[in-house]
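Undergrad: Below, each chain spelled out in residue letters.
There are 2 protein chains.
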Amino acid sequence: MWDRMSTIAEEVMDEPPEEAEDYELSVGDVMTDGYVAVPADTSIEAATDRFQEFSPKDSTQTTIYYTYVTDADDRLVGVASLREMLSAPDDDPISSIMKDEVVSFHETADAEQAAMDVADLHYPAVPIVDDDERLVGIVRSDTLVDVMEAESSEDMLRMQGMNLPELKASDLTDVEEQRSRLMLDASLWEILRIRVPWLIVALAGGFLAGGVIGVYEDTLEAVVILAFFIPVVMDMGGNVGTQSSTIFIRGVVLGHIDKSNVARRIGKETVVGAIIGLMVGAVAAIVAFAWIGRADIAYVVFGAMVGTSVVAALVGFLIPWLVYLIGQDPAAASNPIVTTIKDVSGLLIYFGLATLLVIELGV
Amino acid sequence: MWDRMSTIAEEVMDEPPEEAEDYELSVGDVMTDGYVAVPADTSIEAATDRFQEFSPKDSTQTTIYYTYVTDADDRLVGVASLREMLSAPDDDPISSIMKDEVVSFHETADAEQAAMDVADLHYPAVPIVDDDERLVGIVRSDTLVDVMEAESSEDMLRMQGMNLPELKASDLTDVEEQRSRLMLDASLWEILRIRVPWLIVALAGGFLAGGVIGVYEDTLEAVVILAFFIPVVMDMGGNVGTQSSTIFIRGVVLGHIDKSNVARRIGKETVVGAIIGLMVGAVAAIVAFAWIGRADIAYVVFGAMVGTSVVAALVGFLIPWLVYLIGQDPAAASNPIVTTIKDVSGLLIYFGLATLLVIELGV
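Which chain is which? The protein sequence lines are A and B, in order. Just so we're on the same page, the working numbering is the position in the first sequence counted from 1, plus 893. Just so we're on the same page, the working numbering is the position in the second sequence counted from 1, plus 893.
Check the hints yourself; a few may be wrong.
Copies of one chain are not kept apart here, so a pair can be met inside one copy or by any two copies together.
What the hints assert, rightly or not - Within a straight-line C-alpha distance of at most 20 Å, the following computed DMTMM-like cross-link-like pairs (lysine to aspartate or glutamate) qualify:
1) K1161 to D942
2) K1152 to D1025
3) K992 to D966
4) K1161 to E1083
5) K1152 to E1114
6) K1152 to D964
7) K1152 to E994
8) K1152 to D1078
9) K1152 to D1111
10) K1161 to D922
11) K992 to E938
12) K992 to D922
13) K1161 to D1078
14) K992 to E977
15) K992 to D1078
It should be emphasised that the hints constitute simulated quantities derived from the structure, not laboratory data.
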């Protein structure tokens, strides 16, 4: 993060980010005109006086105590804090004390990304420029915080299959509040509209997983105790995969995972999945043997746990990445797909191994 | 929220909140002394001059352009913004322009709660007082944002069973960043230490669910196709329950669910669970009948879906509430318990109904 930030601090970010996503708000969507800007030759006294006249239209907004300085073509050339202005000679031009390295965003920059880029700088606001580097507005840090909270809250709810409408700039204030109220206090019809569609999609996944068991009906008929371990195999895939997806989505949102390193990240996560599978699978196999007293079934449980854990870790990273690549929100779209792939592959590995080791080879 | 906020704006919040939780940071833990405070009889000019001298020790912190006003006993009695001070006669005392209704927090107030209470006020900082209403510091809104992000990020990771250490005040900057880096770049040993313990706990839950199937071995032996619907029943409980818990935890964090309304909330959620169960269960029963061609099994699937959905919605609210009541973090502790209860009860209902309807009654 410090690397990213020093880059920002050194150069105006006047290019739109490469992967600006259509479904997200831009800083231009959420900028305001409640600020003081003056030409570079304005005296410090005159600029300071502007703060006396200045009163934001929206009275809930506190004052931004920065003076943004522009040249003859309205291009942003500097910034000065009121504290610096109070300490300087009144008649000097503001250009004599302004800082000319200004962090700014292009108006099309993604608002959530902008929020993260400046979060640790703790600026009260950041100026917004157009293609010609002209100052067109500022985005307040409290607005960026609202964006970040709204997006993060949305992500959380969408991951659980809540069918929410896309965010708009006008939704920002209190969006988390509104969403929570909606979930708790909406009409029954509204609640069902939000919650049921995803459950129907997930149901289809459940039937696919059931179909896998159906394919192995003969194996199960021959050794019915194989059914005892279906919950263990399904839970393992579910838990490892959800951990992986959570880590992946945070990593993408925070910019730690991108095209340059995604292959390595996915590879590492798969290895982690394998080692987790070996550890948890060993425990599961021992418990299974203690319970059922059959070594062959303990081997099958062990193998299925390792296989499921590897697949779950892999798809837990890979599917959200593919969803992200096609420009969709990985938090919203991945969960039912990942769950279905984990369930189907986990049960395929489990019953496939059982058919091979218990029925055909009779280990 | 507006109700809560107007209360805060009208009266100094000088009592510690009733349910301050031990595991959370207080505003006193994260307050700073980088601000201007003056006695009430100070002239506006003298107070304004303080901003020239003022330079925060931590140079990354921007200036808070408020003057906090105290009486002879250091008690907080008012606040004035620098913009108001610039517009007023220099020789008047600051008490002539200060606002005497000041939002403040007691030093023991929960920091995350404080962040949410002032989020929409957009103040750059809020003063902190002790038992005697003496001004002891301020908490910057950017710090409160850090607290909120850190806690929310922690909640998300803990819900997926990441075994993370408790937050400290010194962790605040960049905690989400650090956590994401930790998950992605830590040593293998560290990653396993964070992720495996919870998976082992969840494994115990999986075996308990498997034990339920074991109890009904005879039923399953008689009608092996009952195993086909185990994934459907387990997924339904899992999905409904996770939706419920997500809604519940947001509701508690945002203060929409408390002792005064929790019984009604749980009751409503259970009704929602029943209606969701009826809708999704009907679809599942139709698909099951189309697949297997047996009405008795379709009835069992329908009944199990309704029962599982009701139980999942109920425990999805109830268990996090009980965890919250005993002073633990509901996001961290509930997930394996809820999953196990959902799995066990879903399979009990499913195989119990199957034994009754298919085996004993032969519907």
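Undergrad: None of the hints should be skipped; say for each whether it holds.
TA: We went through each hint and held it up to the structure:
no.	hint	in the structure
1	K1161 to D942	neither (58 Å within a copy, 57 Å between copies)
2	K1152 to D1025	neither (29 Å within a copy, 56 Å between copies)
3	K992 to D966	within (19 Å within a copy, 41 Å between copies)
4	K1161 to E1083	between (42 Å within a copy, 14 Å between copies)
5	K1152 to E1114	neither (47 Å within a copy, 51 Å between copies)
6	K1152 to D964	neither (39 Å within a copy, 59 Å between copies)
7	K1152 to E994	neither (30 Å within a copy, 53 Å between copies)
8	K1152 to D1078	between (42 Å within a copy, 17 Å between copies)
9	K1152 to D1111	neither (45 Å within a copy, 53 Å between copies)
10	K1161 to D922	neither (38 Å within a copy, 38 Å between copies)
11	K992 to E938	within (17 Å within a copy, 26 Å between copies)
12	K992 to D922	neither (27 Å within a copy, 34 Å between copies)
13	K1161 to D1078	between (44 Å within a copy, 10 Å between copies)
14	K992 to E977	within (10 Å within a copy, 25 Å between copies)
15	K992 to D1078	neither (50 Å within a copy, 37 Å between copies)
Against the hints set out earlier in the document, violations occur for numbers 1, 2, 5, 6, 7, 9, 10, 12, 15.
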